[in-house]
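Engineer: Chains as they are written, first to last, in our numbering: chain A, 823 to 1305; chain B, 27 to 426; chain C, 6 to 106.
The hints are simulated quantities; they were obtained by calculation from the structure and are not laboratory data.
Check the hints yourself; a few may be wrong.
Straight-line Cα separation of at most 30 angstroms, BS3-like style, residue types lysine-lysine; simulated pairs [unchecked claim]:
{"id": "1", "chain 1": "A", "residue 1": "967", "chain 2": "C", "residue 2": "22"}
{"id": "2", "chain 1": "A", "residue 1": "933", "chain 2": "A", "residue 2": "975"}
{"id": "3", "chain 1": "A", "residue 1": "1012", "chain 2": "A", "residue 2": "1040"}
{"id": "4", "chain 1": "A", "residue 1": "1260", "chain 2": "B", "residue 2": "63"}
{"id": "5", "chain 1": "B", "residue 1": "31", "chain 2": "A", "residue 2": "1260"}
{"id": "6", "chain 1": "B", "residue 1": "63", "chain 2": "B", "residue 2": "245"}
{"id": "7", "chain 1": "B", "residue 1": "57", "chain 2": "B", "residue 2": "213"}
{"id": "8", "chain 1": "B", "residue 1": "63", "chain 2": "B", "residue 2": "31"}
{"id": "9", "chain 1": "A", "residue 1": "867", "chain 2": "C", "residue 2": "22"}
{"id": "10", "chain 1": "A", "residue 1": "1012", "chain 2": "A", "residue 2": "975"}
{"id": "11", "chain 1": "A", "residue 1": "1040", "chain 2": "A", "residue 2": "1067"}
{"id": "12", "chain 1": "A", "residue 1": "867", "chain 2": "A", "residue 2": "1067"}
{"id": "13", "chain 1": "A", "residue 1": "1184", "chain 2": "A", "residue 2": "867"}
{"id": "14", "chain 1": "A", "residue 1": "1184", "chain 2": "C", "residue 2": "22"}
{"id": "15", "chain 1": "B", "residue 1": "213", "chain 2": "B", "residue 2": "245"}
{"id": "16", "chain 1": "B", "residue 1": "213", "chain 2": "A", "residue 2": "1260"}
{"id": "17", "chain 1": "A", "residue 1": "967", "chain 2": "A", "residue 2": "1046"}
{"id": "18", "chain 1": "C", "residue 1": "22", "chain 2": "A", "residue 2": "975"}
{"id": "19", "chain 1": "A", "residue 1": "1079", "chain 2": "A", "residue 2": "1040"}
{"id": "20", "chain 1": "A", "residue 1": "1260", "chain 2": "A", "residue 2": "1175"}
{"id": "21", "chain 1": "A", "residue 1": "967", "chain 2": "A", "residue 2": "1012"}
{"id": "22", "chain 1": "A", "residue 1": "967", "chain 2": "A", "residue 2": "1042"}
{"id": "23", "chain 1": "C", "residue 1": "32", "chain 2": "A", "residue 2": "967"}
{"id": "24", "chain 1": "B", "residue 1": "213", "chain 2": "B", "residue 2": "63"}
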Amino acid sequence: MSTIRELVIVGAGPAGMQAAIAAASAGVQVILIDSSPLPGGQYYKQLPRPFLSDNQDSHHEHAHQLFSHLANPHIEVMTETMVWGIFAGANAGTWQVATYGPTGCFGLETKKIILANGAYDRSISFPGWDLPGVITAGAALTMLKHQHFLPGKRILLSGSGPLQMAAAAWLIDSGAEVVAVLESSPNLIKHGIRYLPALTAQTARIREGLGYLRSFIKAKTNYKFGWSITSCSGAGQVQQATFAKLDSRGLPIPGTKETKEVDTVVLGYSLNPNTSLSRMVPCEMEFQHLRGGYVPRRNENFETSQPGIYAAGDCAGVGGAPLSEVEGRITGSAIAHQLGYLSIQEYDAIREKEAGSLAREKRFADVLGDLFSFTPDLSSMAGATIICRCEQISLAEIRAAIAMGAQTVTDIKNITRSGMGNCQGRTCATLIAGILAKETQRPIQAGGFLATRPPIHPVPLSALENYQYHEDSSVQVQRGSLE
Amino acid sequence: MNKTKTFDVIIVGAGVIGCSIAYYLTQAGFKTALFEKDFVGAGASGANFGMVQSNDVAIQHSIPMVTTSYQRFDTLEEQLGMRFGFRRIASLRLLATEADWQFSAERARILPEAGIPYEFVPPERIPEIEPLVNPRGLYGASYCSYQAQLNPFLYMWAYLQNAIRSGLELHSYTSVINFGIQNGVMKTVVTDKGTFSAGIVILATAAWTRPLGQLLGRKWDIHTFRASAMVTEPVASLNLRTIVTTAQHIEIPVNSQGDSELTVLAISQTADGHFLIAQADRPGEVLCDAISHVAPKAMAIMAARYFPALRTARMLRTWTAPTTYTQDGGPLLGYVDGIDGLILAASFRSAIINAPLAGEIVTQLVSQGYTDLIDINPFSPEREMIAAETFYTVKCSGKK
Amino acid sequence: MRIENTPGHSTQLRRGKSIPVIINGEKVSAFEGELVSTVLHAEGIRTLHINPHSQREASLYCMMGVCYQCLVTIDGVRNMRACQTYIHDGMEIETETGESA
């Protein structure tokens, strides 16, 4: 019979690491899985082993504390391993986590799962957004910080929120010429003042923001509020970027367009929660505008509608690293209590201790969500604009599907094949939901969300063929009458 | 203000059959609503890969339906004003046991007489027809050129697009939770979004017909099994000429010996170069659409066994859907005895090929009370089923 | 372009040791710890993949393994994500070239 694990955590970022540490310190045996060679996730992404740097973030010390706590005999870290599916387990009340790593496909039978696989950059679409040289803010930061690499020489940034601010400052400090930084959200000026109280006890963030500000002042950066990129062009790669001022509805104002020569465009329109796994299970989803759209519904212990499956951090609603860490600690402790390692009194004490930071970080996440969940309305763009990059489906094709009677993003996927490619709709699904909402004059949540199917990342047939779903028993696949 | 909305006809189930019926009814001028508990094509209709297949008919009584319906495809895309990827393509069934061989011999005798070409291929000729197949250990194959393939979602939406233009009300994500019957007459359909009334109600609900029948106190003789499928990335260097299926199965233990999943294989290649691999599991009364952890492995083993070149291809997605069958292989098609105004159009073995005719038949039943297109008496919903030999009846060594 | 040490800002950037990789048949020098996408960009190769549906150029976009636009052939294995694969000594990398390149 196969071994039944206690807890498998998917994703070793802020939430996953904190959850692992909290659960393991109570005595839970934890498997922490991440697709990178080293834990840390995107926020605490470690330099490749052969690299060194003195360019360190303020959170560097804290990160190293976390890494050292992972060296716990109760924590087994599986790196370079991706989770491609979650199935009903072979035993009552268990789940099976399907992994694919350097040695192939293995199934882990487990009582509890924490989804902690973070978030990724949200896209906006416009003519030329698929040209080489147009990258996300997350991509720019990873190139700069993780690879000591400058993505271009003349760069335009367009986006909304702190991620693009960080990317702009890092690009400037690393020697790039930043042509302009376009902050598209009008809400920063409209609502900004009323949110000042939310900055209470956010000294680290204030310090970080002031640091960026210094870079912008020093470089005399052209930081434009209420503007957005509207198109890119170039032969084989981006060479020109055109941008415009937006009106209060987010529509480009005619006559305000400017075009600049660039070699790189960076897009930072906030983040999408990575819900590939929660939608696959499937967990019940709910729409949370301030947290990036549909996210798994959770109870106060961060357990989803599927018993034993928890979700912590940005994958359950974009809220930033500090909130993810609090959620991770609470979730890890909740599971330790469920499995009998913590008494209810001990668990309650932990919850009480975390209550203040949980409330504070939630408040801050709501503010960021309100200020920066804004996307420009570029619906007047050419019908030939590609929306689904994998399958190369255009805006006109998506509109045609809506005209046929498609009511949801799923209908549009089935008619056009958008979202059926390699990325399973991770890039285009929110774009299509936006187009559908605009065309049908309904709120964006009325279009629903795409189901995901295993594998959430492509797996070679040869690896599936040898999938060992009983890790400790010598399963012989019986080939029936074939042999 | 809670006025019940009234239709001439309510169809339950937006699969290929339901969509076709919606099209023909709206063309005939009926005020029609279509209720679907999920999205269009959420069940087996969207999960299959569009085989317009004739060669697995239940010989004793569905040949007329299949041959009549297949002819409709000559002009269907034109009629619906939309391309849905219809292309004629032959199928090759690999025969790995003597029993498979004998079973096919019977069909090779009967089907050509009925106008469905069906021929044997000795093992040494398999590579001529399908160079990608590894013929090792095969008794031969059966070859049927009277087949085609289409994109099932576009096929459904081609019907729906026309039906919506002609006034169809499509209600996705709307579950039927009860029926209102007065004096033996179907009056209303109760859904989670409200109650609707209609003169005639049609269940085109495939695997979900049984639970709906229970609401009506009926035990229709419909059974289900799980069919799963997966799609690879496009592999431009490989070119599959036919749709290849296997007649026999492999067994893979789920948790222990005797607790095994049985699997048969079908494989085809789309115009874009993706390979579609499908399997049919052991029969069981499951309505679950979550794929099991065994199915992707089973499909990979089966595909690699006959198509070693596919081993390096990456799998993009897998999915599953409950599929129906009946003991005698025929659908449940016609008015239900004892409930006036209730029509069943369910459990079609090859729903894609039969959808055009099913739509026409049901529309005749609604408008004139009978059909003169084919004899549907063998498909009476309340008939006594006599078990026929079918491809889905697999011998199970373990518990059933 | 690789960021070099500059006084007042980055003074202790260090990469891994120099190792050779083969890009489209040509030997180039790269550094241990670099991703395939980094080396390709350092060599000025931005078009990594040609979308089979449209023949349009595709390139690095998300840099976190989500978008699958940076697919290249690595050591003979097709459709590997350049942004998720670290180089090794002698790695053979093949990219696709678009018409407008």
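Engineer: Given the hinted pair residue 967(A) and residue 1012(A), is their alpha-carbon gap at most 30 angstroms?
Structural biologist: violated, 33 angstroms
Engineer: Straight-line Cα separation of residue 63(B) and residue 245(B) no greater than 30 angstroms?
Structural biologist: holds, 21 angstroms
Engineer: Given the proposed pairing of residue 867(A) with residue 22(C), does the C-alpha separation stay at or below 30 angstroms?
Structural biologist: The given pair, whose Cα atoms are some 21 angstroms apart, holds under the 30 angstroms limit.
Engineer: Check the hint pairing residue 1260(A) with residue 1175(A) against an upper bound of 30 angstroms on the C-alpha distance.
Structural biologist: violated, 44 angstroms
Engineer: Need the status of pair residue 213(B), residue 63(B): alpha-carbon distance at most 30 angstroms?
Structural biologist: Roughly 20 angstroms between the alpha carbons, so the hint for residue 213(B) and residue 63(B) holds.
Engineer: Within 30 angstroms, alpha carbon to alpha carbon, are residue 933(A) and residue 975(A)?
Structural biologist: Violated, at roughly 51 angstroms.
Engineer: Hey, residue 1012(A) versus residue 1040(A), does the alpha-carbon distance stay inside 30 angstroms?
Structural biologist: holds, 27 angstroms
Engineer: What's the verdict on residue 213(B) and residue 1260(A), does the C-alpha distance respect the 30 angstroms limit or exceed it?
Structural biologist: violated, 38 angstroms
Engineer: Holds or violated: are the alpha carbons of residue 1184(A) and residue 867(A) at most 30 angstroms from each other?
Structural biologist: holds, 23 angstroms
Engineer: Does residue 22(C) sit within 30 angstroms of residue 1184(A), going by the straight-line distance between their CA atoms?
Structural biologist: Distance ~44 angstroms between residue 1184(A) and residue 22(C) Cα, so the pair is violated.
Engineer: Is residue 32(C) within 30 angstroms of residue 967(A), Cα to Cα?
Structural biologist: holds, 27 angstroms
Engineer: Hint check: residue 1260(A) vs residue 63(B), CA-CA at most 30 angstroms. Holds or violated?
Structural biologist: Holds: residue 1260(A) and residue 63(B) sit about 25 angstroms apart, inside 30 angstroms.
Hints 2, 10, 12, 14, 16, 20 and 21 from the earlier list are contradicted by this structure; the remaining hints agree with it.
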